[in-house]
Amino acid sequence: MSDTSDAPGMDERRAQALRSVLTDYVRETPERRRQVRRRRLFLWGGTGLVVLAGAGVAGAAVVQAQRVTNATYVTCLESDERGPSGSYPGATASIADNAGPGRVDDAIGLCSEMWRQGVFAADFDPLSPTNAPAAVPSDFQVCVMRDGSAAVVPSENSLICDAIGLAPLEP
Amino acid sequence: MQARDSDAALWLAAVSGSDSAFAKLFDRHRLRVFRKALLRTENVQDAEDVVAGVFFEAWRNRKKVRIVDDSILPWLLTVTVNVALNLNRSKRRYRRLLALLPPPEDTVEVAQAVDGYLDGQAVRSRLISSLKGLSAVDQSIVELALVEELPLAAVAAALDLPIGTVKSKLHRARKKLQSNLGALPESKSTGRELNALGGEL
Chain A
0 MSDTSDAPGM DERRAQALRS VLTDYVRETP ERRRQVRRRR LFLWGGTGLV
50 VLAGAGVAGA AVVQAQRVTN ATYVTCLESD ERGPSGSYPG ATASIADNAG
100 PGRVDDAIGL CSEMWRQGVF AADFDPLSPT NAPAAVPSDF QVCVMRDGSA
150 AVVPSENSLI CDAIGLAPLE P
Chain B
0 MQARDSDAAL WLAAVSGSDS AFAKLFDRHR LRVFRKALLR TENVQDAEDV
50 VAGVFFEAWR NRKKVRIVDD SILPWLLTVT VNVALNLNRS KRRYRRLLAL
100 LPPPEDTVEV AQAVDGYLDG QAVRSRLISS LKGLSAVDQS IVELALVEEL
150 PLAAVAAALD LPIGTVKSKL HRARKKLQSN LGALPESKST GRELNALGGE
200 L
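Residue numbers (numbering that gives the first Met the number 0), protein chains in the order written: chain A, 0 to 170; chain B, 0 to 200.
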């Protein structure tokens, strides 16, 4: 294509304003709003699954160490304590590509990234592209949920999986 | 396999709901679109309005956007020609959004830079002015094939036309341009270049 590198450009101030107007325009389209609503439902659905899975294993005092057999998602717990109803509060990160198992092996890395992105911060806005980065816990433990998926708990306690009724990861 | 930041990947992300991907495409191509618009309008503010119109149209017609050789630019340049041709309509359609932009700064430096650029682009500018007798589609074909020097296959893909149609339209457009360019008065040093370009056509 023809090179016009010596040409003047747009007024940078107006260009940045246009950029901002464009992103708002894209965000405001009805189709995009529907996508955001679906994403919210998906996230709340994922949280519901975590609650159900937590309730299912409630009452088990000590669980044998297990391997991760379900590589489709990882649950990142936001606390090393169960919720009042016995649930495991946190978020699930779905793995949808061929690199999935590899990323489950690096479940701590995946959850660290979610912490870093501020997903568990009180003021996290899922619709904002500019959430402030948040502090990442200094240590994590990997446990195994009842369905065989990995659960990453923010804790320095190596026995935390037993303490909250999850299976420790088989060494 | 597409790179993560290729136009195709970014466009897919944009239509899947990522406004930041759309913003990246804007950052990547706004300068080329602006320069094309400037040649058409010869006015900075109008050219900026064309840029805005092009990207608004890209989003409005997102189901029709065509990626050619992993690039959205040929399609954007085609839309640039159309928006520049119908600038008033575009301004009316996006009046509310354009009103959100800050007023332009009318500085002497910008005016001089634009004048210098347009003088330097006189051959292209005169070619474009001679295009006005052609249909919008023929103008787009000439712009993409002769000004932007895209392969005919890419032009055909960008305009969603059979390559045979592009060839025949380009042939007819060339003939018209040859007569138009021949009739244009010669001016300063660009006249010789223009005639040379006319000869090539």
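Treat the hints with care, since some could be wrong.
Below, in silico cross-link-like pairs of lysine to aspartate or glutamate (EDC-like), each with a Cα-Cα straight-line distance of 20 Å or less [unchecked claim]:
id: 1; chain 1: B; residue 1: Lys23; chain 2: A; residue 2: Asp138
id: 2; chain 1: B; residue 1: Lys23; chain 2: A; residue 2: Asp105
id: 3; chain 1: B; residue 1: Lys175; chain 2: B; residue 2: Asp137
id: 4; chain 1: B; residue 1: Lys23; chain 2: B; residue 2: Asp68
id: 5; chain 1: B; residue 1: Lys90; chain 2: A; residue 2: Asp23
id: 6; chain 1: B; residue 1: Lys62; chain 2: A; residue 2: Glu27
id: 7; chain 1: B; residue 1: Lys166; chain 2: B; residue 2: Glu148
id: 8; chain 1: B; residue 1: Lys23; chain 2: A; residue 2: Asp161
id: 9; chain 1: B; residue 1: Lys62; chain 2: B; residue 2: Asp18
The set of hints was computed from the structure by calculation and includes no laboratory data. The structure displayed is predicted, hence computed values, not measured ones.
For the pair supplied as a hint, Lys23/B and Asp105/A, is the alpha-carbon distance within the 20 Å limit? Cα-Cα ~29 Å, so violated.
Please work out if Lys175/B and Asp137/B have their alpha carbons no farther apart than 20 Å. holds, 11 Å
When you check the alpha-carbon spacing of Lys23/B and Asp161/A, does it fall within 20 Å? Since the Cα atoms of Lys23/B and Asp161/A sit roughly 47 Å apart, the hinted pair is violated (cutoff 20 Å).
With a cut-off of 20 Å on the C-alpha distance, tell me whether Lys23/B and Asp68/B pass. Holds, at roughly 18 Å.
Take a quick look at whether Lys62/B and Glu27/A sit within 20 Å of each other, Cα to Cα. Within the cut-off at roughly 17 Å; holds.
Assess, step by step, whether the Cα of Lys166/B is no farther than 20 Å from the Cα of Glu148/B, and give holds or violated. holds, 14 Å
Holds or violated: Lys90/B to Asp23/A, with C-alpha atoms at most 20 Å apart: holds, 18 Å
Take a quick look at whether Lys62/B and Asp18/B sit within 20 Å of each other, Cα to Cα. holds, 16 Å
Restraint check for Lys23/B with Asp138/A, where alpha carbons must lie at most 20 Å apart: violated, 35 Å
The earlier numbered hints that this structure contradicts are 1, 2, 8.
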